[in-house]
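Quick note on numbering: the sequence shown equals residues 89 to 194 in this note's numbering.
Source of the hints: derived by calculation from the structure; they are not laboratory data. Note that the coordinates shown come from a computational prediction; the quantities given were computed from them, not determined experimentally. Each residue gets a CB set at the ideal place from its N, CA and C atoms; glycine is no exception. Treat the hints with care, as some may be off.
What the hints assert, rightly or not - Restricting the straight-line Cα-Cα distance to at most 20 Å, the calculated cross-link-like pairs of lysine to aspartate or glutamate (EDC-like) are:
id : residue 1 : residue 2
1  : K166      : D177
2  : K100      : E183
3  : K100      : D192
4  : K100      : D184
Stated by the list, open to error - So the derived label-pair ranges between C-beta atoms look like this:
id : residue 1 : residue 2 : range
5  : P154      : L174      : 43 to 51 Å
6  : A176      : G136      : 50 to 58 Å
7  : G119      : L189      : 45 to 53 Å
8  : L146      : H186      : 25 to 33 Å
9  : L141      : D184      : 50 to 58 Å
10 : E169      : L127      : 41 to 49 Å
11 : A103      : Y133      : 20 to 28 Å
12 : S172      : L115      : 18 to 26 Å
13 : L189      : L127      : 30 to 38 Å
14 : G130      : D184      : 22 to 30 Å
15 : V116      : L174      : 41 to 49 Å
16 : D177      : G132      : 12 to 20 Å
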Amino acid sequence: MTDDLGGSAEKKATAASLTGWVALYTLVRMGLVVVVAALIMGIGYLFGVTVPLLAAALFGVVIALPIGMFLFKSVRLKVNEQISLLDADRAARREDLHARLRGDQE
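Given only the sequences and the hints, what does the whole structure look like? Please build it.
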């Protein structure tokens, strides 16, 4: 019984942990957009061209999308893992509730 609890404690996902990982993933992706937009504006400045902030931000989003998929793969996979663990826990609780409603007591 103790081994079962120890194993589930390692893989335990909560809504708070999922929120933290999603927030981290969002922040690093937004940070990448800011860095790419700053690079676009800086390169424009080096060539004597004024790049509007909105244009740099839009290009930053478009360029950062595929780059972020590769750079932050580990964080993205952790978010996916947290979602699947929470979903499995929710499905188990739902099945337990259905079993209790049917009268299938263990």
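Would you say the C-beta atoms of G119 and L189 sit inside 45 to 53 Å of each other?
For G119 and L189 the Cβ distance comes to about 47 Å; the hint holds.
In this structure, is the beta-carbon distance linking S172 and L115 contained in 18 to 26 Å?
Holds, at about 22 Å.
Quick check on a hinted range of 50 to 58 Å for A176 and G136, using CB atoms only.
holds, 57 Å
Between G130 and D184, does the beta-carbon spacing fit 22 to 30 Å?
violated, 57 Å
Does the structure keep K100 and D184 at a Cα separation of 20 Å or less?
Distance ~18 Å between K100 and D184 Cα, so the pair holds.
Please test the hint of 12 to 20 Å on the beta carbon pair from D177 and G132.
Given a distance of about 50 Å, which is not inside 12 to 20 Å, the answer is violated.
Between V116 and L174, does the C-beta distance stay in 41 to 49 Å?
violated, 21 Å
Hint check: K166 vs D177, CA-CA at most 20 Å. Holds or violated?
holds, 16 Å
Look at the Cβ atoms of A103 and Y133 and judge whether their distance stays inside 20 to 28 Å.
violated, 44 Å
For L146 and H186, compare the CB-CB distance with the range 25 to 33 Å and indicate the outcome.
Given range 25 to 33 Å: violated, Cβ gap about 49 Å.
With respect to the beta-carbon atoms only, verify the hint that L189 and L127 lie 30 to 38 Å apart.
This hint is violated: roughly 58 Å between Cβ atoms.
Do P154 and L174 keep their Cβ atoms within the hinted range of 43 to 51 Å?
violated, 28 Å
In the structure shown, a violation is registered for the earlier hints numbered 3, 5, 8, 10, 11, 13, 14, 15 and 16, in ascending order.
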